[in-house]
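Protein chains in written order, with the working numbering: chain A, 1 to 428; chain B, 1 to 428.
It is possible that some hints are incorrect.
Identical chains blur together in the list; that is why a pair holds if it fits in one copy or across any two.
What the hints assert, rightly or not - Calculated lysine-lysine pairs in the DSBU-like style (CA-CA distance at most 35 angstroms, straight line):
id: 1; residue 1: Lys50; residue 2: Lys293
id: 2; residue 1: Lys381; residue 2: Lys111
id: 3; residue 1: Lys258; residue 2: Lys26
Worth flagging that the hints you see were computed from the coordinates, not collected in a lab.
2 protein chains.
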Amino acid sequence: MPREIGVGFLGAGVVGSGALDVLLRKRERLGAAIGAELAVRRVLVRDPGKPRPVALPPGLLTTDPSDVLEDPAVEVVVELLGGEEPARSYIAAALKAGKHVVTANKEVIAKHGAELLRLAAAHDVNLFYEASVAGGIPIIDTLRHDLVANEILAIQAIINGTTNFILTEMGAGRDYAEALREAQRLGYAEADPRNDVEGVDAAYKLAILATLAFHADVRPSDLVHVGITRLAARDFRYAAEMGYTVKLVAWARLADGKIEGAVYPMLISQGHQLASVRGSFNAIVLDGDQIDKLMLYGRGAGAGPTASAVVADLCRVAHNVVRGVADRVAIGNRDRSVRSFGELTSRFYFRMQVIDRPGVLARIARVLGDHRISIASVIQKETDETARVAELVIMTHVASERQVEEALAEIRALDVVRDVPSFIRVER
Amino acid sequence: MPREIGVGFLGAGVVGSGALDVLLRKRERLGAAIGAELAVRRVLVRDPGKPRPVALPPGLLTTDPSDVLEDPAVEVVVELLGGEEPARSYIAAALKAGKHVVTANKEVIAKHGAELLRLAAAHDVNLFYEASVAGGIPIIDTLRHDLVANEILAIQAIINGTTNFILTEMGAGRDYAEALREAQRLGYAEADPRNDVEGVDAAYKLAILATLAFHADVRPSDLVHVGITRLAARDFRYAAEMGYTVKLVAWARLADGKIEGAVYPMLISQGHQLASVRGSFNAIVLDGDQIDKLMLYGRGAGAGPTASAVVADLCRVAHNVVRGVADRVAIGNRDRSVRSFGELTSRFYFRMQVIDRPGVLARIARVLGDHRISIASVIQKETDETARVAELVIMTHVASERQVEEALAEIRALDVVRDVPSFIRVER
């Protein structure tokens, strides 16, 4: 008789049902792989009467978290509630009770990962979170184990499928509102899409990746995020004409011993590995001193891919339990600070509406020059003859966020400038 | 004082020197990560006087394998000799002596992996081989651990950088001989390139991947390999006109409970994930029932990437040694046979030189029809007016290798057919 390992679930929504389905359907095969049987003991849900896509044995469901957190027969807690609270408190309570924890919660890990991992170490239990970033893509395990010989120099990632779907649609000519509605219709975007479209979700995931990659404690509050809501379909057309595509890129790198990073829409050249990541797919490109470049590409969300990551973590925990050991994730042992957003540099794309009159470009160029921003190219695009308004697209050489912010304030104040509807960072 | 783990190297060529360099330069950081210090005790080389890119402490080098294999202070043996023998015997000797083994040897693992893994289990030691497939891409660990919740349905891979470099050059208009010379000049191809250009190397790697993916014992002899030496620059031009690119694809899949697989040049559509894998890069696309698609892309060879994989394995071994446990790799517990090559199906591209005379196409079409091969499209390409020879390119619908082999023999025997210089499989 193989040893049984008791598992308790907090949450049985899309991902939870997917993971439970795998555990029930593949029980025997997983048992053979890990040398123990994963036995689901309790499942916390809000509404036990709600129909679910997985048939659970009767008596498993409960609405009382203590049935999971305080049951000594539950050795591993799988947290799939999402959101900061009560998820964080439940995870902490489970660890303190000597239970291992597997979570898909990017917000809790991004904001409180270091504390929770220390708590896990103090209680000699495992805390795994592969499913918190990029669903079915094994990026956490890759950073923790497979790239141990590398100094990771840079991360560039598309780690929010909702926005990548919307941007792919916009690249095909739709406007933002229309693309968002399509994403909501297909279940890629929530009714309240703010966390995704404002870049908050991607910033959580980037903080988790940067913390592992750079061996430093990077929090979401260290990383500025800019959303996609102000992008216009015409920016995609102009970008395409210049050989670029627009993606919401989460990036971080080491530069002169400091960590730099942000989440924002970016013009990347059409030959870039991330340019061909379409629809709701995710991809992460890593630069390491040994591996050069490594890209992982796959499904970043959905029941199947996320359940794959949750069950892989469960098997890692179970394998450790069988052998009586625990893995530690060491966090933040490097003294590396995060550079402030104003100091970050890139090239920039501006789209401006200006009065169609001689001397306008000279005035804008002078402001940019005053702030030591060099212009790489200027294109005068469509002009509305009757309104005497011209559209200018300007690409700059590398400049800092602060330089650009200051220059933009002055440019916006010029009487010849009607509006600067877009400014987008461009791959260096 | 952290525990020291003694490491012995068999071989200190490009990869060995790369791994030794990492171990010496990053000693402290790796030690902190694994809770033990990896101490290099002996290094077997052919010529101790040869200059090496890494500065080793004096006294480490030896030309006697027993200095590594019989030294009780060596707990882990890193085998980087390559080739079948004596590498296989040394690995077996090390395992029997209770030593853990890390190897980059695809030939030994592909041909003898199951026996060696059983030997490792019998002696309660680890045998790891991440570096044997795709260099810096962590595909072995991904299959072994990260995708445990999945039934893997299919693998499609570019896992030979030499041939992918040559094919990329041919796609840019070079002919085979010229592209091969360039690959040799850059160090991507060996003086005797047969193992690479004939697909042997890719078949070794595919056997290793299929064994893990399908939980069955797949040997290289189960997998037919076709090389790239008969491809002509004009095939690349015709392929491009039709929206395809030519790649050496190593693929395997489950179909009706049997394993199918082969290594051969293939026309894949330009939108396929593998189509944009250029130069010496490698990529592996996996289909799993939970994850849908996952692609891993990176450097498949070279000192840095391969050393990254070797050192990751060493750290896994060391971490296990510290905790007094060993990982098992279970092989071949599924009863799944490999379908014979003749039964494999795909679409086909033929390029034929025929006498330019009415009725020729009808005769060829009749032969194909007799073998129940349907034609999807026919294009008459360049014609040599003086020689009265025309070039025909025919694309078929799905047919089996056997059907095509039999039809081709008859077509070649037609008096109106001068030659069939190319036939290439096409992505289904």
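Going down the list of hints, with the structure as the test:
1. Lys50 with Lys293: Answer is between; shortest inter-copy Cα gap is 31 angstroms, intra-copy 46 angstroms.
2. Lys381 with Lys111: So Lys381 and Lys111 fail the 35 angstroms test inside a copy (44 angstroms) and across (63 angstroms) alike.
3. Lys258 with Lys26: between (46 angstroms within a copy, 20 angstroms between copies)
Consistency note: the structure conflicts with earlier hint 2 alone.
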